[in-house]
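S.K.: Dock chains B, C and D against the given chain A, drawing on the hints supplied.
Number of protein chains: 4
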Amino acid sequence: MKSPSELSRVAFYTPATGATTTHGIHVFHCPDTVGIVAKLSECIASRGGNIHCVDVFVPDNKPVFYSRSVFLFDPARWPKDALEKDFQNLAKFFNAKKSVVRVPDLDPKYKIAVLASKQDHCLVDLLYRWQEGRLPVDISCVISNHNRASNTHVIRFLERHGIPYYYLPTTLGNKHEEEILNLVEDTDFLVLARYMQILSGRFLEAYGKDVINIHHGLLPSFKGGHPSKQAYDAGVKLIGATTHFVTEELDGGPIIEQMVESVSHRDTLESFVQKSENLEKQCLARAIKSYCELRVLHYESNKTVVF
Amino acid sequence: MKSPSELSRVAFYTPATGATTTHGIHVFHCPDTVGIVAKLSECIASRGGNIHCVDVFVPDNKPVFYSRSVFLFDPARWPKDALEKDFQNLAKFFNAKKSVVRVPDLDPKYKIAVLASKQDHCLVDLLYRWQEGRLPVDISCVISNHNRASNTHVIRFLERHGIPYYYLPTTLGNKHEEEILNLVEDTDFLVLARYMQILSGRFLEAYGKDVINIHHGLLPSFKGGHPSKQAYDAGVKLIGATTHFVTEELDGGPIIEQMVESVSHRDTLESFVQKSENLEKQCLARAIKSYCELRVLHYESNKTVVF
Amino acid sequence: MKSPSELSRVAFYTPATGATTTHGIHVFHCPDTVGIVAKLSECIASRGGNIHCVDVFVPDNKPVFYSRSVFLFDPARWPKDALEKDFQNLAKFFNAKKSVVRVPDLDPKYKIAVLASKQDHCLVDLLYRWQEGRLPVDISCVISNHNRASNTHVIRFLERHGIPYYYLPTTLGNKHEEEILNLVEDTDFLVLARYMQILSGRFLEAYGKDVINIHHGLLPSFKGGHPSKQAYDAGVKLIGATTHFVTEELDGGPIIEQMVESVSHRDTLESFVQKSENLEKQCLARAIKSYCELRVLHYESNKTVVF
Amino acid sequence: MKSPSELSRVAFYTPATGATTTHGIHVFHCPDTVGIVAKLSECIASRGGNIHCVDVFVPDNKPVFYSRSVFLFDPARWPKDALEKDFQNLAKFFNAKKSVVRVPDLDPKYKIAVLASKQDHCLVDLLYRWQEGRLPVDISCVISNHNRASNTHVIRFLERHGIPYYYLPTTLGNKHEEEILNLVEDTDFLVLARYMQILSGRFLEAYGKDVINIHHGLLPSFKGGHPSKQAYDAGVKLIGATTHFVTEELDGGPIIEQMVESVSHRDTLESFVQKSENLEKQCLARAIKSYCELRVLHYESNKTVVF
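Chains as they are written, first to last, in full-length UniProt numbering: chain A, 1 to 307; chain B, 1 to 307; chain C, 1 to 307; chain D, 1 to 307.
Treat the hints with care, since some could be wrong.
If the Cβ cut is set under 7 Å, some of the chain B residues that face chain A in the computed set are [said to hold, decoys possible]:
{"no.": "1", "residue": "D60"}
{"no.": "2", "residue": "V64"}
{"no.": "3", "residue": "C141"}
{"no.": "4", "residue": "A234"}
{"no.": "5", "residue": "V236"}
{"no.": "6", "residue": "L250"}
{"no.": "7", "residue": "P254"}
{"no.": "8", "residue": "I255"}
{"no.": "9", "residue": "V260"}
{"no.": "10", "residue": "T268"}
{"no.": "11", "residue": "N302"}
Treat the hints as calculated values from the structure; they're not laboratory data.
Where is the CB? At the ideal position from N, CA and C, for every residue including glycine.
Just chain A, same shape as in the assembly:
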């Protein structure tokens, strides 16, 4: 290690000073080895980037590395293509399984499609947050297997904001997965907002990107249908909601976020459902926000790191 005098002789990093200073987010996942943070941060600093936030995680029992860095930089000095190239080089060097850099203020917003069924409390809540600017996404379309009258609040809202709404009446024999794939193929990820159809493994593989689901139960308890009724019948004193990535295994994908609320003998099935709906809205919104901020990373086969 260099002494202070030696340090001062090093051509020191010059900070970003441009008027177009903005922040970038970089997430990285690779086999662990010595020097990853050093090289990532040296790359950023050499371009005048000022790191404001770093989260690094290496599990005790496994030589894998996860990081999320947020840095301030001047795109005039470190343009998009150079930014991406630099991180690609690092990704190659470290054999990274994942290396993503995003500049929220410059990059296009994440494009999502939202799938819903009859219960639309989660959909409505997402739309309200989106309208408030709290959900930094573009909503490509809303797909529903429940038929809504055209004068309902949701339909009106979507019309007013120019968001296409598609009614695809699923049946036992037809899940309309082809149509859905066509409608969503240019999205960055999917949100199942109490969408009550199971997407097949074929769909998931064809879509190829992340699908986030809100399950109205505290997984791994109460998988499948009517989790509120399952919970009610089980006599639990806490009910919950779970946001998770969708895999072929029903309600089995990696968990992102969970929330609970108390119930007692005084709760009816109806109040179980109402309390659950309140949790579902918050749980789904939080998970989506975290995901958009690149805080959510797949970890092992069925877990997540949520920075």
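M.R.: Below, chains B, C and D without anything else, positioned relative to chain A:
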């Protein structure tokens, strides 16, 4: 209904004024019908009892009645045998499935036995609370299937307080259920404080009274062994503890109390266990306190009312 | 106390059997004495009313009585005027400070006015719950001191549902309290949904009924303006919201409900505000629902009983 | 930024492989500038250290830098004196206000003194955790201004573990601050476990190191004495406990940790106190554990960063 003038002509209840005023707790469970609260409260009032607290619960969908009343009364005026007779009469009248009256300051404390294994955090916590006067029970004995050295904190504590300690080394072939039954037959209920043996249906039937267990998982998730590891492997973001009545079905009995805490990718199996232990202590202690205050009633086949 | 045989000889209460069976809620607050529960429940039973829920509370240190009873009855057998008369008689008999009976399915809904300012997240949340049938009130009008464009979501919603909206631009010199009084005089209670004007003691006295406010801070911390900033500057690790009755003392009235959420050094003032808004919506909605169900009673000078 | 081929030509960091691999924790606080993470991590990597965890925080509105890094290294390769020198050089280079490196498995444990008064639930809880190996400190002594009989559980425990216990009966005129200073001068920090005396500014300055206090109220509400009673009289629905650094301002120092629990009209002053005690134990223990893990840093004049 009588008019105010008529009411005043009625010989009105005279309050308890004796120096020995104390409080009684009555719990009642019977098929629902009109007039139960009227008769229970009229009985109490006719004896000068002053009701301070009543909880009544009749589920929407089932004609069953549960109540818990706390009343101030003068034992000089309403002695124990009359108190019990009066409530017995009401119990017969309403075909009650359960009618219990307790006078905490006069009746003997509940007598319990505590069963433990190697992990003694719950046992130690109960003993400390008991010593502080926060656990209104008499501890008849502590039974363990783990061999503790005689100079450990727990053994010393039990010796100092004159609480017998029995080491019964269970094996696959011998659960010592006969010995345990003998040791605990005069107790009012049993507490399994992380006792890692399954009590057989035969034991439960022979014992015949309530057995309360702390399960270090959020039931119905993670039944059985190593729930912390099950939770860790499942990638949950919330872990919990559950206190429940023991039935023949492993970890399946009616739930009394549940508590949760957050976990994240940063938690190791060790911290899962530590967080769980913190929850278990609180969850078990709360359930036992509620039980001693007659707040916990069996409800349907697998639930509880906890007033 | 009568023996079972004596009990059976009593002309026993006959249950309500009419097809128009509905439920009534009665709350009662009077000086404590022996026999109140007996007389209340005997009154209900004598009319065939079946008590489904009772909460009684008499504080340890003060001879005051609070109860809330829910009972099923047949209005054909116990009509409105008799119902009210019977409870009035009991109220006179016991010198009750409060005796209210409501039959939610038959009585007119509570009529409320909602006052809001610029931040409308609470208003929007209430309107959505109201539309969903979760807020059992009639919204007489919405009054705002913030000027909203006519094409905003809120204004459209109110128009569509025929709810009058009044913009009263308050200034230092003019709070428009006279106009507000006129607009709200026929309401049952007022809801201040982040209404940023202080109602004067004169207004409160003239209005004479309950006013419920949501304060975006965990009282008694952070009274007054910008509680999120106050909390942010104070370096707290928990922020909260408080619903309370409004008195002349700013943010000093009896607390009804409080909720908290964690914050850390990573939270900015903006995220403090967002987390607070999420709490405010839930906290206000819960308090209003409890209030409509007659669960909230004034207790001592500055507290509440919330059954 | 170098291309992959250039990167591979760089003499790459060689990992620590010694059998004595252990982990080190480094915390750093300095004026923000570009390149701090780069230099810190490069230093660690150049010595074969493998970073397992990094937390970096730079507030949006202030150019100050905080980091906490955990790295695996081989003391045979990077001995203590070199370790400290290297970080000192970096501290000088960046004008750090704080730079601390600890090697928990090799360095002496933190030495603390615990001050208590009559209520000893926090003291007992800390002693139990310490005995369980959950509190990685050496307890230099326990000082109390409450006179305990020699056969109490606490005194026995301290005797058995060879921890000196000093009874210093404080009066209005004499806080024994000189004696306390002498007894604690070689400690690393102090823990006030419900110590009911206010330490003077002179004491704090003379001691010069951190003093951690548990306040049995949710600051900034209910400063000073009897916060449970203050909360009870205020009619709150949530009570809490706060751990904070002690400053001259009574209960005003930077907050480290806060926890809450619900209360209702049914709670008496006694149950307020009991619930509070349960919170105090957990809140204090968590804060001390975080502090020992170097997670707690002073931030601005009255806040903390808690990684």
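S.K.: Now tell me if each hint is right for this structure.
M.R.: Now the hints, each set against the structure:
1. Taking 7 Å as the C-beta cut-off, the interface hint given for D60 of chain B holds, the closest approach to chain A being about 6 Å.
2. Because the closest C-beta pair between V64 of chain B and chain A is about 11 Å apart, greater than 7 Å, the hint is violated.
3. Interface hint at C141 of chain B: violated, since its Cβ lies 30 Å from the closest Cβ of chain A, which is beyond the 7 Å cut-off.
4. Taking 7 Å as the C-beta cut-off, the interface hint given for A234 of chain B holds, the closest approach to chain A being about 5 Å.
5. Hint on V236 of chain B holds. Least Cβ distance to chain A is approximately 6 Å, under the 7 Å limit.
6. Proximity of L250 of chain B to chain A is violated relative to the hint, the smallest CB-CB distance being about 15 Å (cut-off 7 Å).
7. With a least beta-carbon distance of about 6 Å to chain A, the hint placing P254 of chain B at the interface is held under the 7 Å criterion.
8. Checking I255 of chain B against chain A by beta carbon gives a least distance of about 5 Å; that is within 7 Å, so the hint holds.
9. At about 5 Å, the closest approach between the beta carbon of V260 of chain B and any beta carbon in chain A falls short of 7 Å, and the interface hint on this residue holds.
10. Annotation: T268 of chain B was flagged as interfacial toward chain A, and the flag holds, the nearest CB pair being 6 Å apart, inside 7 Å.
11. For N302 of chain B, the shortest C-beta to C-beta distance to chain A is roughly 5 Å, which falls under 7 Å, so the interface hint holds.
Of the numbered hints stated above, those contradicted by the structure are hints 2, 3, 6, listed in ascending order.
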